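Put together the whole structure using the sequences plus the hints.
Chains A and B, in that order, give the protein sequences. Per the working numbering, the very first residue in the first sequence carries number 1; after that it's consecutive. Per the working numbering, the very first residue in the second sequence carries number 1; after that it's consecutive.
Simulated from the structure, these hints should not be mistaken for laboratory data. Watch out, some of these pointers could steer you wrong.
Calculated lysine-lysine pairs in the DSS-like style (CA-CA distance at most 25 Å, straight line) [what the hints assert, rightly or not]:
| id | chain 1 | residue 1 | chain 2 | residue 2 |
| --- | --- | --- | --- | --- |
| 1 | A | Lys216 | B | Lys97 |
| 2 | A | Lys139 | B | Lys220 |
| 3 | A | Lys143 | B | Lys133 |
| 4 | B | Lys68 | A | Lys143 |
| 5 | B | Lys110 | A | Lys139 |
Among chain B residues calculated to face chain A with C-beta under 7 Å, some are [unchecked claim]:
| id | residue |
| --- | --- |
| 6 | Asn48 |
| 7 | Arg74 |
| 8 | Arg77 |
| 9 | Lys78 |
| 10 | Met82 |
| 11 | His86 |
| 12 | Arg92 |
| 13 | Pro102 |
| 14 | Tyr308 |
Rough simulated footprint, nothing fancy, chain B against chain A, three-plus residues with beta-carbon under 8 Å [as the list claims (entries may be wrong)]:
| id | stretch |
| --- | --- |
| 15 | 121-134 |
| 16 | 142-151 |
Note that the coordinates shown come from a computational prediction; the quantities given were computed from them, not determined experimentally. Quick reminder that beta carbons are idealized off the backbone N, C-alpha and C, glycines included.
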Amino acid sequence: MNDPALVIKSVMMPALVESLYMTFWGTVFSCILGFGLAVILVVTAEDGLSPHKWVYRLLNVLVNTLRSFPFIILAVTIIPITRAVMGTSIGTNAALFPLVIVACPFVARVFEGNLKAVTPGMIEAAKAFGASNMQIIFKIMLKEAIPVMCISVTLVVISILGSSSMAGALGAGGLGNVALIYGYQSFNDLIMYGTVFILVVLVQTIQSIGNLLYNKLK
Amino acid sequence: MIKVKNLDKSFGELHVLKNVSLEVQKGEIFGLIGKSGEGKSTLLRCINLLEKRDGGTITLNGQAADFKRSREVREYRKGIGMIFQHFSLLERQNVYKNIAAPMECWGYSKQEIDEKVRELVKIVGIEDKLYEKPRNLSGGQRQRVAIARALSMDPQVLLSDEATSALDPQTTQSILQLLRDINERLGITILLVTHEMEVIRSICHRVAIMEHGEVADCGKVSEIFLNQPGSLKRLLGETAEVLPEEGVNIRMVFKETEENRSLIPDITCATSVRFSVIYSRLEKFRDEVICTTMLNVQEEDLAKVTAYLDTLNIRWEVALHE
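Written out as structure tokens, the structure is:
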């Protein structure tokens, strides 16, 4: 385990692929679900397009509750559901489920903020020319919010990457798993700090891409 | 054209509109003026149903604005263009897309949209800015884009909510000229809300002065300025005039016409009273000119002078010292 080339080839690379896999699909699913939640939150809020006090309150409580759970605890708590949904409770796919469940309310809150930041004047103008609520959400709010939402997605990707490393402790594989088992528990500093280095590079890259997109889109 | 009857609206405890009635005629430019917080914007927003009214009726072209289905509300709004103080443009879309937005929402074909957008930018005079983003435009140009967008659905009425309040005086004038032009060339009725007397003076045919959620006075702009009702004085804020302490000061307000151009010497000839002219100024109201003159006469001559003014049908009042 002290031959760097071998370590990279047989340990780091597969772990990197697993991490990216979890992060990518975790982001995709949580953004889709989170966006849906955000739209419902924005629309049903008191000052929204079609206020529904109870729908909003219920969702609000649900989102807050899920966000209160530490990731590890939640992942363990929902193991039976994970098994029912994903068919297994070990491995990358099994980790994906709690990752999405945790990220989803986070995404919902961030997107909610982004959509709410669209100037009310624009929404008013759209109402005045006879746009429907659907058109206001997708043609006005979403279109105007896209640049900031890019920044938000960047935040989400990095946060999921972080959670996925933690998922390593639950047998999900990935870089977190490598750092923990091959590095920390085996007293192998090269592997432990090597993994951290890879994570640092990943986070930097993701943030740069996010900023670049924001500047392009705004 | 637009009939508002007994309109009532409250925001919680705050009674914003109290039994407001007014009628806007087809083809005119009607101004609603008042201090801020007097309910004029709310009235405007009630007319295109952006705000729900608590009571009263609104009719547009004889059709009552009472709708159950959202589709009907949208159809109704389609016939009413609206412009805002802060333009309310889509910041990420260029001018073309901004003007096209309502037509896209209403499912117009690409070709129809293209023709209309090109026609509209010509009307509002921003042909060269078609592919610019709003952030690269000046305030006046932004308002022109908003006006083009408001006209894109061929509305019968244009509502303007403080459309010139964020603009400098020169730009305000150019936007007002554009609105007048649109009113005259396209025959679009305009109902505008403003707190600037200048707007009323330059383009409005009729005006309603709002005070505490009620229409205090309503009528032809020049008539209102001739009559000088209390609401107008309160709105203009009586500036402390420097007037002579001795004698009586008479303020006369009259239309500038051929006959009364020589009013001052006429008074002297007819009454042989000696008096002094404190000031005299001309103001333009759309296309009419109104003259305000302040005279100072001796107490004993007052009856003579005012009797003569009455024969000429010239409105006068005694100006009081502060």
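Could you grab the alpha-carbon distance between Lys139/A and Lys220/B and see if it respects the 25 Å cut-off? violated (42 Å)
Agreement of Lys68/B and Lys143/A with the hint, judged by alpha carbon distance not exceeding 25 Å: At roughly 30 Å apart (the allowed maximum being 25 Å), Lys143/A and Lys68/B break the hint.
Regarding the hint that His86/B lies at the interface with chain A, is the smallest CB-CB distance below 7 Å? holds (5 Å)
Decide if the proposed pair is consistent with the structure: Lys143/A and Lys133/B, CA atoms, cutoff 25 Å inclusive. Distance ~14 Å between Lys143/A and Lys133/B Cα, so the pair holds.
Hint check, Met82/B versus chain A [nearest Cβ-Cβ separation less than 7 Å]: Status holds, d = 4 Å.
Residue hint Pro102/B, partner chain A, criterion CB-CB below 7 Å: Result: holds, 4 Å to nearest chain A Cβ.
Have a go at the Lys78/B hint: is there a Cβ in chain A nearer than 7 Å to its own Cβ? Status holds, d = 4 Å.
Against chain A, is Tyr308/B within 7 Å by beta-carbon distance? violated (54 Å)
Is the Cα-Cα distance between Lys110/B and Lys139/A 25 Å or less? holds (17 Å)
May I ask you to test the interface hint for Asn48/B with respect to chain A, counting a Cβ-Cβ separation under 7 Å as satisfied? holds (6 Å)
Taking the closest Cβ pair, is Arg77/B under 7 Å from chain A? holds (4 Å)
Is the listed coverage of the stretch 142-151 of chain A by chain B valid when you require three or more residues with a beta carbon under 8 Å from a beta carbon of that chain? holds (count 4)
This entry does not satisfy hints 2, 4, 14, going by the numbered hints stated previously.
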